[in-house]
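Asker: Chain by chain, the residues run as shown.
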Amino acid sequence: MITKVLMEALSPTMEEGKVLTWLKQEGDTVTDGDVLAEVETDKAVMELQARGAGVLRTILAGDGATVEVGSLVAIIADPDDDITALAGGGSAPPAPAPESEPAADAAPAPKSPATPEAPPAPTDAGARIKASPLARRMAGERGLDLATITGSGPSGRIVKRDVEHARAPAAVAAPTAAPGGFEDVELTQIRKTIAKRLTASIGPIPHFFLTTEVDMERAADARAALNALDDGPRISFNDIILKAVAHALRQHRACNAWWMDDRIRYFNDVHVAMAVAVDDGLITPVIRHTDRKSLREIAMESRQLAERARERKLTPEEYTGSTFSVSNLGMFDIDQFTAVINPPEAGIVAVGSIEEKPVIIDGELEVRRRMRLTMSCDHRVIDGATGAQFLQTVKRMLENPMALVW
Amino acid sequence: MPIITYRDALNHALNEEMERDPNVFLMGEEVGVYQGAYKVSRGLLEAHGDRRIVDTPIAELGFAGIGVGAAMVGLRPIIEFMTWNFALLAIDQVVNSAAKMLYMSGGQVHVPIVFRGPGGAALQLAAQHSQAFESWYAHIPGLKVVAPATPYDAKGLLKSAVRDNNPVVFLEGEMLYNSKGEVPEEEYTVPLGSADVKREGGDVTLICHSKTVAVCLKAADRLHAELDVSAEVVDLRSIRPLDVATILASIKKTNRCVVVEEGWPFCGVGAQIVDEIQHGAFDDLDAPILRVTGEDVPMPYNKQLERAAKPNPDKVIAAVKRVAYLD
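Chains as they are written, first to last, in my numbering: chain A, 975 to 1380; chain B, 987 to 1313.
For reference, chain A alone in the conformation it holds in the complex:
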């Protein structure tokens, strides 16, 4: 029985995978479900499992190799199965035991009966992108991937204006010739995905930005009080912000939406994603039903998700399906910034640092802890006033944290 080992789509957006390490070697006996190799997808390190039993006869994609989803990476077979045809003309490394005889003689029937081939792993690469011939040519000339451009023509056809409005992939700042040379670093899968996704975002999405300054005195007091209660998980400012955003989304469904090209999908449930920095990029784990969870639950979950993200252990279910996002760079002393929308979501809130500032309250100069929130909106979904009202609600909740307890 011959079983092809194919590069599987281990995440919903995975197009290719990098074999990090083979955990089984050629000649090892494997059974169905054994972990054969660790594969770096665009999001995380995943396990590639055996889908049949036998001997791992040959490995076609060695450690470090990057192959497309659906490609043959290894062959599992019985020791006496003839796999020469499958392994391809000489591309396979010499098998440790040369038990497979070349099928030179016109033997009437090889020992292994014709094996029904496993269907290739499904990919979504087949969907044809509709683009005018001109748009197709222009995208090619500008190095733009049509898949990242949203078409405005009939049936989503990508036309000239869409390519013109799509921004070219971010230009790399020309490095000055510094003594000591430079280091070229190969793109990791996650870095490629970030590039693709964020280009897809800032290009065709008509962004606009709203900024408001929030008084965090009461939120800070509430946090201190809650954290003093017991030795449960410590509640971070980010947890409070996630909670406030989730509550506000519940009230402003217009912002809890996806742009779906030919429609807008408004969600009844609120699933807020939080951007987490990992070693060589970022990922956005989701706290599901954020609005229905207590601050303590959010604190617990966000901490676990962040840890798992840094270890690259998140499963696809943990980083997909969010309806809105929050990105926080406050810990890096960033006063305020604009975050890039994570499509198809329609908005993201960027959180700056909390700083003591002189402010005038009721005619008196006071020192207060203040924080700036900047919301990026997809204008196709959220209009100025809609976004402003939402942000106002977030601000009101943070300034009156009792509202979050309701």
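Quick caveat, the hints were computed from the structure, so don't treat them as lab data. Hints are not guaranteed to be accurate.
What the hints assert, rightly or not - Only pairs whose alpha carbons sit at most 27 Å apart, straight line, appear in this in silico DSS-like list of lysine-lysine:
id, chain 1, residue 1, chain 2, residue 2
1, B, Lys1296, B, Lys1204
2, A, Lys1104, B, Lys1239
3, A, Lys1104, B, Lys1307
4, B, Lys1238, A, Lys1104
5, B, Lys1289, B, Lys1166
6, B, Lys1204, B, Lys1289
7, B, Lys1307, B, Lys1238
8, B, Lys1184, B, Lys1301
Unchecked claim - Far from chain A by the CB rule (all over 12 Å, computed), these chain B residues:
id, residue
9, Thr1042
10, Met1058
11, Leu1074
12, Asp1078
13, Val1095
14, Leu1109
15, Leu1111
16, Asn1152
17, Ser1165
18, Glu1292
19, Arg1308
No residue lacks a Cβ here, since even glycine has one placed at the ideal position from N, Cα and C.
Once you've looked at the hints, dock chain B against the given chain A.
Answerer: Chain B only, in chain A's frame:
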């Protein structure tokens, strides 16, 4: 520069060519004493005499055939059809004799003849007398087909047609005879097979000829004023040979195209132009090319229905909105 009518521009061309070359003569119904049904030959009988301005019986096949024969033996006849609708009776001579002779004589016998007269619809002349036949004649290898839109082009093209050694089908417009434009007094010709950009623009190309040039110029004015769309108007002037280079250059600039003609859509002139564009400028197209044509019906007699059946600026603007994705 003098401003004269399309009718007079044609008249001047005939007169000048007859003065220039004694082999040129005009023949047709009522071209002499009556000076032409549309007065294009006014004054020519007086100037050139009845050997060169020949009135014929109402027998299109006959005098077209006489013309072809005369051309074969060295004269340069101009055959006037009172309208191209009547030329249906003479089409055997045009298609089977004039167009074929050079080929079937192995290149020995040229047929330097011009068939001319008004084509297309005028006003309420009903189905049998309101037909644009450009595509019929343009279909035939061996014929050149010309359809000028302005007095300047009418004069320059007719002079080139008379001097050409091949049969030329010269389609005028009854509704154009009174239109006026600048025509220089000095000698000039307009070469056959060269289109003319009547208005420059960057957003969409309107390809037209004959009466639809005015329709497209009006549409272009409104597109500019109402929608800030800059339309380039390309007047084909000659249907065959077709100036593909000018068409493609315009498409490469605008990336969008609407082809406008008075004739019917099926196998029309526009169908040929769309074909040239799709293989000559495929990668420059941002939208499917659309056509505005006469409606696919016999021309109604009823005034309102007739108006609805003809191309007009509203129809052109609607098509432009679609190719420019403004709908």
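Asker: Please go over all the hints and tell whether each is borne out by the structure.
Answerer: Against the structure, the hints:
no.	hint	result
1	B:Lys1296 - B:Lys1204	15 Å, holds
2	A:Lys1104 - B:Lys1239	22 Å, holds
3	A:Lys1104 - B:Lys1307	20 Å, holds
4	B:Lys1238 - A:Lys1104	21 Å, holds
5	B:Lys1289 - B:Lys1166	25 Å, holds
6	B:Lys1204 - B:Lys1289	21 Å, holds
7	B:Lys1307 - B:Lys1238	19 Å, holds
8	B:Lys1184 - B:Lys1301	19 Å, holds
9	Thr1042	53 Å, holds
10	Met1058	48 Å, holds
11	Leu1074	41 Å, holds
12	Asp1078	43 Å, holds
13	Val1095	46 Å, holds
14	Leu1109	38 Å, holds
15	Leu1111	40 Å, holds
16	Asn1152	36 Å, holds
17	Ser1165	36 Å, holds
18	Glu1292	33 Å, holds
19	Arg1308	9 Å, violated
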